[in-house]
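Colleague: The UniProt record's numbering applies: residue 1 is where the sequence shown begins, and numbers increase by one.
Keep in mind the hints are simulated off the structure, nothing from the lab.
Among the hints, a few may not be true.
[Claimed, not checked] Here are the simulated distance ranges between beta carbons:
(1) Pro150 <-> Arg32: 49 to 55 Å
(2) Lys102 <-> Thr61: 25 to 31 Å
(3) Ser34 <-> Thr96: 36 to 42 Å
(4) Gly153 <-> His76: 19 to 25 Å
(5) Thr98 <-> Pro60: 24 to 30 Å
Cβ atoms here follow ideal geometry from the backbone N, Cα and C, with glycine treated the same way.
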Amino acid sequence: MISKYHSIRIATIVTGASLTAMLAQTRLAQTRASSVASGHREILLQTTQSWNGQPYTHYPTGQPQLTTIKLTIAPHTVLPWHTHPFPNAVYVLSGTLTLHDKASGKTQVVHQGQAVGESVHDVHRGESGDEPTVLLITYAGTLGVPTSVPAAGEKAEY
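With the hints as constraints, model all of the structure from the sequences given.
Modeller: This is how it looks when you write it as structure tokens:
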């Protein structure tokens, strides 16, 4: 049988152990807590015009909707001719993208790690190189409006 003295002593030990464990967890949490600091910003693209020199004149009206897609283009593939109804930014995650403007014949090559502003309402298409091209595309669009519109007689871009 445990005496009253031993019961109190056991309770004190258990309480002390519990407090020690709680303090240890608190210290561990404080050690793991992130410090408050500013991040490092690298501007990848900041422009008022598309890659083919056409200025961005305005954003569409209506409920704004941001859309970001990851588009993978197989090697040696040319996308169908298409347009975009609003500004968008393309970042090349891997591979190479050659942009073609149908009306002017202009081209621009965009490499891995580079960003470009796509054209709005100008018929254009992209072409991959010797390896798959992976793009991260962000559209500053409007709710219910498609991000890409095929040119007459063309398939959808994606």
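Colleague: For each hint, tell me whether it holds in the structure or not.
Modeller: Hint check:
1. Pro150 <-> Arg32: 49 to 55 Å: Hint holds: Cβ distance 51 Å, inside 49 to 55 Å.
2. Lys102 <-> Thr61: 25 to 31 Å: holds, 27 Å
3. Ser34 <-> Thr96: 36 to 42 Å: holds, 37 Å
4. Gly153 <-> His76: 19 to 25 Å: With a Cβ separation near 22 Å, Gly153 and His76 satisfy 19 to 25 Å, so the hint holds.
5. Thr98 <-> Pro60: 24 to 30 Å: Since Thr98 and Pro60 have Cβ atoms about 28 Å apart, the given range 24 to 30 Å holds.
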